[in-house]
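Keeping the supplied structure of chain C fixed, place chains B and R upon it in accordance with the hints.
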Amino acid sequence: MVDASLKRPLSFDVNGKTVNVDVAPMARLLDVLREDLHLTGAKEGCGEGECGACAVIVDDKLVNSCLIPALQARGASVRTIEGVAKGDVLHDVQKAFLTWGGAQCGICTPGMVLAAVSLLEKNPKPTEQDVRVALAGNLCRCTGYMKIFESVLKACETAMARESASEAAR
Amino acid sequence: MKPFAYSRETGLDHALARGKEDGVRYLAGGTTLIDLMRLGVEEPSTVVDLRALPLRDIKADGDGVQIGALATNTEVAYHPLIAKAYPVLSEALLSGASPQLRNMASVGGNLLQRTRCSYFRDPSSPCNKRMAGSGCPALDGYNRSNAILGVSSSCIATHPSDMAVALLALDAVVHVRGGGGERAVPMGDFHVAPGSTPAVETALQKGEIITHVTVPASPFAQRSHYVKVRDRASYAFALSSAAVALDVSGGVVKSARVVLGGVATKPWRATEAEAELVGKPPTSMSFDAAGAAAVRGAVPRTHNAFKVELAKRTVARALRDLVGKA
Amino acid sequence: MTASSVGKPLDRVDGRLKVTGTATFSAEVAVANVAHAVIVGATISKGKITALDVGEAQRVPGVVAVLTHLNAAKVPGADKPTEMTDKVVQVLQNDAVLYDGQPIALVVADTLEHASHAASLVKATYAAEAAICEMDKEIGAGFAPKAAPGRPPPDSNRGDIDAALATAFARVDATYTTPCENHNPLEMHATIAVFQGEDHLTLYDATQGIFGLRKRISKAFDLKPENVRVISHFVGGGFGSKGSAWSHVFLAAMASRATGRAVKLSITRQQMFAFVGYRPQTIQQVTAAASKDGTLVALRHEVTSATSRFDTFAEPSANVTRMLYACPNVKTSHRLVRLDVATPTFTRAPGEASGSFALESALDELSYSLKMDPLALRLKNYAETDPDEKKPFSSKTLRDCYTQGAAKFGWSKRKPEPRSMRDGNWLVGFGMATATYPSRQSAASALARVKKDGSAQVLAGSQDIGTGTYTIMTQIAADALGMSVERVHFDLGDTTFPETPVSGGSQTASSVGSAVKRAGMAVRTKLIDLAVKGKGGPLNGMSAEQVDAEAGVLVSKQDRTKSDSYEAVLARNGLDQIEEKIDEKEKAERKDHSTHAFGAHFIEVKVDPDFGEVRVSRVVSAFAAGKILNRKTARSQFIGGIVWGLGLALHEHTERDPRTSRVVTKDLADYHVPVHADVPDMDIVMVDEVDPYVNEIGAKGVGEIGIVGVGAAIANAVYHATGKRVRSLPITLDKLL
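Residue numbers (our numbering), protein chains in the order written: chain C, 1 to 170; chain B, 1 to 326; chain R, 1 to 737.
Bound conformation, chain C alone:
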């Protein structure tokens, strides 16, 4: 029998860096990110997987970090909103959210951006319907969503324009 209150060592990759923390078995990945690693970009909006504000990408899959016991992340590779930009250079999706008004209060934004990043990595040319489906698990109470679709679709346009420009250059 393992003592349930005893902290256990946990090692996993966050945004490309290996981290080592001691965590209680009942700690959720969301708590470890926010409280232990001070990566507060992932938000708790419900704690039940219903709002998507805590979404992160674990081993290339978009998941809700409020439903993952932290110890389950052992050895995993986790991407949070803090790891989406490359240094000071924002990701196309981040730029589009900034320019097209996809962000308002900012609570749903990190999860929404990650959901969009995850979509575009699998499907670089989504239709508006694809965008709506991919972001279906992320609730927003401020924007009325419309500016979020606009942002994601504009991010695709930017990426595609860059791609065709670099092809032309070649």
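Hints in this document: simulated from the structure, not taken from any laboratory.
Here the structure is a predicted model, which means the values were calculated and not measured.
A virtual CB, placed ideally from N, CA and C, is assigned to each residue, including glycine.
You may find that some hints are simply not true.
Now the stretches of chain B that chain C is said to cover, found in silico as 3 or more residues with beta-carbon under 8 Å [claimed, not checked]:
id, stretch
1, 5 to 11
2, 31 to 37
3, 42 to 54
4, 98 to 105
Okay, the calculated beta carbon distance ranges per label pair [said to hold, decoys possible]:
id, chain 1, residue 1, chain 2, residue 2, range
5, R, Asp548, C, Pro124, 46 to 52 Å
6, R, Asp293, C, Pro124, 55 to 61 Å
7, B, Arg296, R, Lys735, 24 to 30 Å
8, R, Ala73, B, Ala17, 52 to 58 Å
9, C, Asp22, R, Gly150, 52 to 58 Å
10, C, Leu6, B, Asp57, 33 to 39 Å
For chains B and R alone, kept in the frame of chain C given last:
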């Protein structure tokens, strides 16, 4: 949340051995268990994580398909073997939850998904499913999303799964391993209605693990369809759903499957509805008759009475759409 | 004049922080030695706590304190009503339980895990009493609320409604109901309380009103207001729920004082349904009557809304009926019934959102009785002046909203018969409604400062609850200072900054914006003064009127080669900075005018004829809201408001068990808010409007008007599609089967 010990098992035998310990709960995708633990509905002392078990393959099985219990809903829904040959299963999976939940939720876990009945989810409220004999406040309380079929005086909690409704329509078989070895449970026997023991929801015994699900080839699998009716355009549990499948030849229905979701305490096969269809041409009239037959014996309550008419129409529509799309 | 920033679609100045997840919300502020607190809520709705067993909770490792009514310090000012409404809080002062989920204990521990586990172990025993929550059964016990100071009276009566009704050609009498709605901002209410010694307190709180909170907390804990500092740099949505000081803030402060530690308290989503307010249920009876040509002859609107046993918040749903149409005979009333529930509060467009559903549905019904187009009926009864206050409007461009919105929508293609339009299997319906919201202004202060490096800092208490306050204030300040936005840093969310009102009632742009503008202009005037009168420089000796400011440089209007930068002016005069603080009052001309924003919604719905599922397929909404300060953030506010209206119309309702008065739908799976798939493309028309009277900046506020009228426009479209009139929101599919 009550503190718990956590361990990850990588071999099935080890995992089965752990299942015999007191207070152990198996963890797969976590979308139900962790949620219920946070609410205090589930309070295991040890969580044994099964996700590293080699039970994730989706592969051909004779003419049918075998789906590992740990395959995620996303993997199943988009798998070429499924999307093409078993459209009803794909459609049902994609109508449920959200992309990130489907990325986490497993097939085995989904079969064991617990009800969304609000009284069940609130440990400060009585609930016969949570605490035998404490009473069922849903009977005379707020019961808009509760069940009208398969109900008892102990429990009217709706089974929430979309996937299980489709699997039942496809005659799937659930394969489980326990101390006594392997056994195969047809989907029709896997979920049980509450009766006087609402805590018992499935045929799975303590310490058993679902290893995989097989879905046989059938004359109607490819001609199958899922319709889900809900309160908003996506990301909501079914108020009513129907998985239907038809084998039509020579202008006559040879065999049919009609299974209801969102209205019953378990995935609900409507054999009377199927009987209405078989031997007749697939027409709107027989679809309406099948709808009416599907809800025969329904027990409506104060806030969910609309589900009788809605389920009827859901069945008829699913059949109409199915014939229309073929 | 310098190129204007106001009106431009500037990107959110805090956008980068938000898209990178680095904006720091209240619960995320790094504070030393912080303990975590979890609230234990009552599981009955009425009665007394007879015993509380906290032994097991106290034995959980890491638990620092378990506060209950048996050991909590008395907070004499906590359960006193506030001045604005009668709201009181429940902070462990006695054994009474007044509603489901009321705080009955607070567990403080070293980690959140320990605190939440220990909280689950607190065992309460109650003497429960029968709790009542069915409003329709209590309606006979309705009473009139007292008139709140500065707010419209509960009852109104002009003309002779009975005489008018006796002669009317067409008449509608109908009862409309709206449900209890919880705000559910995505950010849960959270606070970190840090007592320094006995008499200094800092609160990092997710609030819409830092100064209101400071006032309330300092009174409750008997602290000098200046010794209480409230900080709120980012707020994750509020919609009214964060406008009041609720119990959890007091509890966090109590716990910090009791334990000598900083205490972080973030409530759960379930608790968001318990003690942080909601839009109360309403039952509204409307009579609308017209003569044969559609001229309104009588409007009666009788509203009953639900409240708690201990508070008298009334949803002012009938106020809109008093002023929206030119009708000579109008009678309105507001009544309250008491239930064993938590107390309601302001929710996005309180009154207008629920009241316009009833009024604008009734007018739609009347249009069918008259066989008149619903838009024509509104135009026929257009109020050129405010019929209630009997004053001219400071500006009103509603007619343009109607015509531009209708044209863009294609309203003329509407076939008048219900159930006459289809798209494949779907029934199609068109609906419209008028939107309106008062344009308020409250006293506000701001400080502007130009520093010797030529940059500016502008401060005002205020809050940005996601609306764009940071951004529009930066734009207003830049224009007033004669600078580019890049050189202006606007900061807010701290009670050490100049005092401002609550971010509610769509008044922030108007109130804080006016103060910021005047503060910026005052600094600019001082700079010009120095340039023309101070130590020698290129503009020395000119009159102030001859000097312009452009991107931080003063130039001569006559000879634009003569210029003097702000840095140079300050340096030459040996100054580190120039600053001005302005205390702005309500603009005087407001007294002689009625000030409201207006708009019109045109909505198409598609209804599944088998299932009754309603999909909103097109929205065209036109608004005239004075000066639009930033077209991008304003458009977001309109759209966000409309989607709130969509939720009001189709999805949102909080349900209680009628036998226990306990909330049944207390998470985001049971309480449905609109999701991506529910929302169509929306076309927002912003009608130009110049308003010299409403306030210093001519802007009317855009945070709330979007929701107003949407409930009715959708219900009217559903009627047009199906022939079924749903008078009870939300329009869930069971009502259309």
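*What hint numbers does the structure not satisfy?*
none
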